[in-house]
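All chains, full assembly: derive it from the sequences and hints.
Those protein sequence lines, which keep their order, are chains A and B.
Mapping of the first sequence onto this note's numbering: position 458 corresponds to residue 458, and the numbering continues sequentially without gaps.
Mapping of the second sequence onto this note's numbering: position 348 corresponds to residue 348, and the numbering continues sequentially without gaps.
No lab work stands behind these hints: they were computed from the structure.
Everything numeric in this text was worked out from a predicted model, so none of it was measured.
Please note that the accuracy of each hint is not assured.
Derived contacts from chain B toward chain A, CB cut-off under 8 Å, selection only [as the list claims (entries may be wrong)]:
| hint | residue |
| --- | --- |
| 1 | G219 |
| 2 | S223 |
| 3 | A451 |
| 4 | D457 |
Here are the in silico distance ranges between beta carbons for each label pair [what the hints assert, rightly or not]:
| hint | chain 1 | residue 1 | chain 2 | residue 2 | range |
| --- | --- | --- | --- | --- | --- |
| 5 | B | A19 | A | E140 | 48 to 56 Å |
| 6 | B | T544 | A | L665 | 57 to 65 Å |
| 7 | B | L665 | A | D103 | 38 to 46 Å |
| 8 | A | Q108 | B | P221 | 44 to 52 Å |
| 9 | A | Q108 | B | R555 | 45 to 53 Å |
| 10 | B | K14 | A | P69 | 33 to 41 Å |
| 11 | A | R55 | B | R29 | 38 to 46 Å |
| 12 | B | A554 | A | N327 | 31 to 39 Å |
| 13 | B | P221 | A | H139 | 54 to 62 Å |
| 14 | A | R55 | B | K14 | 32 to 40 Å |
| 15 | B | A554 | A | K288 | 42 to 50 Å |
By construction, the Cβ of each residue, glycine as well, lies at the ideal position given by its N, Cα and C atoms.
Number of protein chains: 2
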Amino acid sequence: MIGEGQPRIDAYDKVTGAAVYADDIVLPRMLFGKLLRSPHPHARIVRVDCSAALRVPGVVAVASGGDIPKRYGILPSSQDETVFGIDKVRYVGEPVAAVAADDELTAQEALSLILVEYEPLPSIMTIEDALRDDLPKIHEESRKDNNVHKEAHLVFGDMDAAFADADRIFENEYFYEGNTHAAMEEHAAIAEWSDGKMTIWSSCQTPHYLHRIAAEVLGLPPSRLRIVAPPIGGGFGGKTEPLHHELAAAHLARNTGRPVKIALTREEVFYAHRGRHPVKMKLKTGVKSDGTITACHLQTWLDGGAYGSYGVATTYYTGALTPVTYNIPAYAFDGCRVYTDKPPCGPKRGHGTVQPRFAFESQLDEIADALGIDAAEYRTRIAVEPYSRSVNGLRITSCGLRECVEAAAKRTRYASKRGKGPSGRGIGLAASTYLCGAGLPLYWNEMPHSAAIVKVDRGGGVTVFCGVSDCGQGSKDMLAGIVAETLRVSIGDVEVCAGDTSLTPIDLGSYSSRVTFMAGNAALRAAAAVRAQLDDVDPDKTMTFAQAAVAAEARFGPLVGVGSYTPPDDLSGGYKGSGVGPSPAYSYSACVAEVRVDLETGKVTVDKIVLAHDVGRALHRASVEGQIQGGIYMALGEALMEASTFRGGLHQTPNLLDYKTPTILDMPEIEAIVIETHDREGPFGAKEVGQGPLLPVIPAIANAVADAIGARIYATPITPESVLRALRQKVLV
Amino acid sequence: MIGEGQPRIDAYDKVTGAAVYADDIVLPRMLFGKLLRSPHPHARIVRVDCSAALRVPGVVAVASGGDIPKRYGILPSSQDETVFGIDKVRYVGEPVAAVAADDELTAQEALSLILVEYEPLPSIMTIEDALRDDLPKIHEESRKDNNVHKEAHLVFGDMDAAFADADRIFENEYFYEGNTHAAMEEHAAIAEWSDGKMTIWSSCQTPHYLHRIAAEVLGLPPSRLRIVAPPIGGGFGGKTEPLHHELAAAHLARNTGRPVKIALTREEVFYAHRGRHPVKMKLKTGVKSDGTITACHLQTWLDGGAYGSYGVATTYYTGALTPVTYNIPAYAFDGCRVYTDKPPCGPKRGHGTVQPRFAFESQLDEIADALGIDAAEYRTRIAVEPYSRSVNGLRITSCGLRECVEAAAKRTRYASKRGKGPSGRGIGLAASTYLCGAGLPLYWNEMPHSAAIVKVDRGGGVTVFCGVSDCGQGSKDMLAGIVAETLRVSIGDVEVCAGDTSLTPIDLGSYSSRVTFMAGNAALRAAAAVRAQLDDVDPDKTMTFAQAAVAAEARFGPLVGVGSYTPPDDLSGGYKGSGVGPSPAYSYSACVAEVRVDLETGKVTVDKIVLAHDVGRALHRASVEGQIQGGIYMALGEALMEASTFRGGLHQTPNLLDYKTPTILDMPEIEAIVIETHDREGPFGAKEVGQGPLLPVIPAIANAVADAIGARIYATPITPESVLRALRQKVLV
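Laid out in structure tokens, this is it:
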């Protein structure tokens with residue numbers, strides 16, 4: 001039941017259109033809610049008057065600022081948001097009020113009748129401005145004089161000595177542009193208040209976090225609140241955090257006694273998104289003349305937008321994983337996240353590690369070239385060893401990094417193609433690593449990160465209860481496959497009940513590439529508990545699974561197994577900031593990109609991408625290859641075209657016509673190579689594939705472009721303009 | 001959380017109309033199905049031609065006889081039905097074909113285009129005709145020459161000696177008319193076939209039985225079939241058996257790939273019902289002159305209609321419980337169920353025990369009067385002892401029969417009112433007993449009859465998973481209350497997931513008054529398992545429930561408890577037919593009715609009913625009183641007006657205008673007296689209340705009428721005609 005991969009268990013419903021996504025849910029007497037959003041990047045709210053809107057026929061309720069005053073935030077250290085702006089707004093698109101009406105058009109029209117009197121304030125739109133201490137503060141209560149949100153400073157080893165030991169030092173600056181998840185499904189939430197109980201259906205990757213925060217914000221006992229995640233049309237991190245529309249819908253439902261749906265438009269999603277942070281980076285690396293790294297100092301400045309979101313975690317993540325890929329004996333990291341008057345940034349696929357990976361792998365190519373070492377071979381030389389510990393204390397288990405690099409290089413005949421001079425054709429390689437779930441939860445210690453219940457029916461049917469929500473990545477298949485394999489039944493005999501805080505036990509959600517490793521292990525253990533009872537019935541007799549279930553039930557009572565997963569406590573060296581970075585295992589990847597660059601127009605065409613990924617064990621090969629393809633697709637967009645940029649606080653391209661993502665015509669030939677290292681702690685040896693494969697693609701393309709044009713581009717996206725600029729600078733040099 | 005009774009947890013949704021019953025379910029692309037039913041009581045099917053129906057625009061599929069040839073029946077010993085009549089039809093209303101169309105009207109119209117060629121056969125319409133061996137057989141393959149379906153002959157003790165020991169012998173004949181459940185909700189089922197899996201939502205009291213039989217009939221692995229019971233608008237036994245419409249909807253859904261709904265009309269329900277058997281009875285009782293019973297011989301003849309249904313069980317039930325109420329040292333029972341060309345009869349509230357109870361309590365009054373003993377006191381004298389065993393081997397635990405009789409008699413000043421001569425005013429008393437679930441399941445040995453899973457969330461929320469379906473009796477409240485009490489949380493903190501074969505563990509369903517005792521015990525045990533973990537955390541520290549949950553989860557992992565209930569194996573003496581009758585406990589009741597009889601018109605008006613019921617322990621007093629009131633209401637209808645009678649195979653009153661049930665204006669003043677005996681095996685001491693209170697009401701009314709008019713009526717319903725007839729006969733005598 002694991003391995004090659006049977007048809008996905010949710011495929012039929014999705015292909016036939018029968019799958020009911022959040023916005024497909026219609027409840028009797030349901031109202032439609034709409035949010036009024038700020039047109040100002042930074043302004044004082046003088047007055048909000050909803051009375052005219054409330055008089056519109058069909059409008060049932062309005063809400064604004066003080067109605068839900070509770071401050072909240074996904075991280076305990078960043079409780080800086082409210083459902084509606086109170087006193088101030090801090091970015092264009094920040095909600096200030098909401099309307100619930102009998103139909104969507106009425107709600108939309110009524111928004112225009114809400115009078116909000118603003119007093120505009122000067123806005124902070126760049127990292128540089130945010131660092132100044134002579135400009136207005138976005139959050140007056142923050143401790144510093146400037147708009148810094150979070151600083152992190154970590155040092156491992158004697159940096160001065162290590163740099164002094166280097167034969168050469170390389171120092172570069174990089175910039176990684178912000179971008180958004182662009183999931184196919186826009187966010188939607190429906191809230192129902194019935195008899196003192198609230199149910200929220202939401203396209204949400206993290207039902208248990210929403211459960212916790214919605215209870216706090218709404219002032220409800222958690223026991224009276226149920227979160228249900230319907231099938232999700234893509235999350236990529238953009239649905240991991242409780243958002244205004246979910247909380248506003250719940251508030252309006254409670255106030256009206258009627259179900260309320262709020263579904264965001266695509267334009268709203270561009271503002272509400274919590275997408276990839278723009279990051280400015282300085283990277284200084286000391287190496288011996290044979291390439292051995294002696295020291296590395298990474299500095300990052302994250303443009304966080306107006307609120308905290310996951311930003312503290314993102315900040316640490318920009319520094320965490322560099323030493324988990326290559327041997328770095330001395331390492332220093334300085335991270336800084338600033339507030340700006342733009343939509344808050346948060347997690348996107350590869351959370352916080354994509355940006356430094358671009359920098360590091362770009363610089364590695366420069367080092368290799370400067371030292372005359374083949375850039376692929378160089379990476380295998382400095383790769384970390386399996387079952388080792390990084391300089392920043394992280395525990396490494398299985399590691400297929402060398403195998404990945406070698407496989408990708410061999411398949412593309414990398415060595416024979418690279419460095420042929422700036423012919424307009426180039427090849428580039430990069431490698432990377434990613435987490436299999438965070439070693440610590442956001443909130444609590446000493447808790448199961450994932451739990452599962454497996455129930456076996458005497459008819460042979462099996463049901464798995466697990467809190468993860470399937471955002472399209474196939475977690476339901478993963479759970480069904482693991483349980484089916486453990487019990488030796490067909491996947492079709494397994495029903496998966498997921499993403500429901502009432503029906504399923506605790507699970508922290510679908511983020512951080514944690515689901516297969518953590519929920520998978522929980523399900524495996526729950527199934528193994530039942531399996532033990534089945535095995536115990538009569539080992540000498542041949543019987544069907546259902547017969548064994550009947551016999552075991554007669555002997556042991558109802559066949560119910562419970563399993564959970566809590567990461568071991570030796571994952572990190574316990575340094576400050578170790579809440580992010582430690583993971584029970586790390587995936588590894590290597591990517592080779594082959595590109596053509598039109599030297600006249602600067603247009604980059606990617607012809608081929610080969611990506612080798614150490615997934616530990618492929619539980620469902622088609623899904624693994626699908627995730628690799630999806631990661632490549634998303635990386636291609638980030639490398640070449642996607643950019644969340646703002647002018648006067650307004651997103652410059654808040655729609656999918658102007659915000660360029662790759663179409664099918666932009667996609668290169670892709671080859672996915674699955675490397676299996678059979679991690680000793682992963683379920684059946686599995687690690688992760690949802691995020692890791694994205695990371696090396698962007699620097700591989702950058703390295704290929706550098707190979708093609710003989711000049712390096714230090715910023716994403718690599719647009720025709722930036723290519724031409726690099727060519728011009730090269731000529732000037 | 002148990003005792004007085006908080007507002008019902010499903011009340012809000014039901015009162016506001018938000019509850020989604022089966023017929024409220026609408027799925028995308030759903031078809032509507034209709035059944036073509038036989039107009040003949042007995043006929044050979046020569047030909048079925050659906051081709052014209054299939055050509056009607058909007059008709060998507062048709063089905064008939066041979067399409068689903070598998071024979072089935074709820075009892076293993078009576079596998080005599082098919083979804084559509086094959087070769088023969090045996091009652092008016094038997095389905096012969098079905099249509100699925102885009103809308104209900106088209107389906108209805110298309111039915112008229114199905115050509116069925118019948119060859120009518122002589123029909124058997126009475127018990128007397130069914131016993132003859134010179135008439136056609138309804139089931140040719142049955143072994144006997146007549147139309148007897150089942151005979152049972154049981155003897156306990158030396159009957160000849162016991163009758164010889166009697167000072168007086170009383171011998172009477174009785175007839176109890178058939179009637180129907182008349183639940184407010186008509187039956188409805190929706191089937192969906194998706195990706196090799198079938199889901200059936202049905203207003204069904206027994207999802208696990210439907211699961212089993214639908215798998216067999218449809219030829220599906222049970223692991224690919226899921227039965228969900230939405231809230232049910234009353235069952236009373238009429239929804240305990242898989243019915244044609246459920247299986248036909250599933251067949252059509254599989255054939256069309258589209259969801260199919262079949263909702264029965266009220267008229268169809270009158271034919272499909274499986275209602276109360278008409279029973280002819282002979283009762284012979286020997287007593288000493290002080291009233292002590294020496295022997296009792298009961299003979300019953302059940303008019304079963306055309307198919308087996310639960311009839312074998314019903315037959316045994318007519319003989320099982322008489323010795324569980326009163327001391328009968330020698331007992332013989334002969335039961336006989338016959339096939340007739342009428343709709344099959346099955347279980348209705350008080351299954352099979354209502355009819356002999358009418359006979360026995362009628363005769364007891366005659367005996368008491370003949371011996372000059374107060375009829376109430378007489379019953380207390382001969383009542384069974386708590387913690388004893390009946391002559392037919394049934395284990396009796398708690399017994400509040402004497403308390404019930406005394407309480408009802410005292411409250412009504414029965415002794416002072418009775419026997420004032422035939423004044424047109426009368427008072428009558430009767431007592432009874434009922435099961436708390438069947439001691440053996442229908443199909444299997446050695447299995448949990450009920451199982452439950454209790455999950456505690458770290459936010460303090462509790463979820464109970466249990467397979468019972470709530471048919472309005474409040475089983476969800478019962479489960480929530482028991483779990484809340486065990487865990488010491490509020491009922492509102494408990495979510496109940498019920499009636500879903502995929503999400504809940506095995507439970508035999510909502511019938512036989514088994515839910516509180518069996519599912520309640522399972523839930524209690526599941527909750528106690530979690531409670532033990534919570535108690536173990538830190539007994540010396542004060543903390544909230546949620547805090548304890550967090551602490552216990554850190555220590556023990558996910559808080560999940562599993563519990564089940566299997567009846568003990570010492571419930572019966574092991575005699576043949578002990579599959580029905582044995583129960584882990586018996587409820588007891590006594591009823592006093594006060595009536596007025598118009599001696600001119602024969603009209604009986606019931607002025608007051610006082611009913612004392614030994615419920616063991618009232619878990620939810622309002623629900624207990626509600627069940628007593630509901631039982632009285634239903635009994636009143638059976639006693640005075642309800643009758644399923646047929647002419648030429650046609651139901652004479654197949655609608656709620658002509659089929660008389662009491663209205664609010666017919667209801668007397670009611671007083672419910674709750675007697676608590678704290679059964680040692682019931683959950684918190686509870687027994688049952690869903691069925692028991694109905695039983696004594698009918699003979700109490702009959703006894704009151706006899707007291708009022710000085711003449712006894714030996715048949716139900718006691719109509720003005722039967723009263724006038726009795727008065728005439730009395731005058732003639």
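Quick rundown of the hints versus the structure:
1. G219: violated, 14 Å
2. S223: holds, 4 Å
3. A451: Constraint on A451(B) satisfied, holds at 4 Å.
4. D457: holds, 7 Å
5. A19(B) x E140(A): 48 to 56 Å: Given about 50 Å between the Cβ atoms, the range holds.
6. T544(B) x L665(A): 57 to 65 Å: holds, 59 Å
7. L665(B) x D103(A): 38 to 46 Å: About 44 Å separates the Cβ atoms of L665(B) and D103(A), which means 38 to 46 Å holds.
8. Q108(A) x P221(B): 44 to 52 Å: Taking Cβ atoms as reference, Q108(A) and P221(B) lie about 50 Å apart, which means the hint holds.
9. Q108(A) x R555(B): 45 to 53 Å: holds, 52 Å
10. K14(B) x P69(A): 33 to 41 Å: holds, 35 Å
11. R55(A) x R29(B): 38 to 46 Å: holds, 41 Å
12. A554(B) x N327(A): 31 to 39 Å: Cβ of A554(B) to Cβ of N327(A): about 37 Å, so the range 31 to 39 Å holds.
13. P221(B) x H139(A): 54 to 62 Å: holds, 60 Å
14. R55(A) x K14(B): 32 to 40 Å: Given about 34 Å between the Cβ atoms, the range holds.
15. A554(B) x K288(A): 42 to 50 Å: Hint holds: Cβ distance 48 Å, inside 42 to 50 Å.
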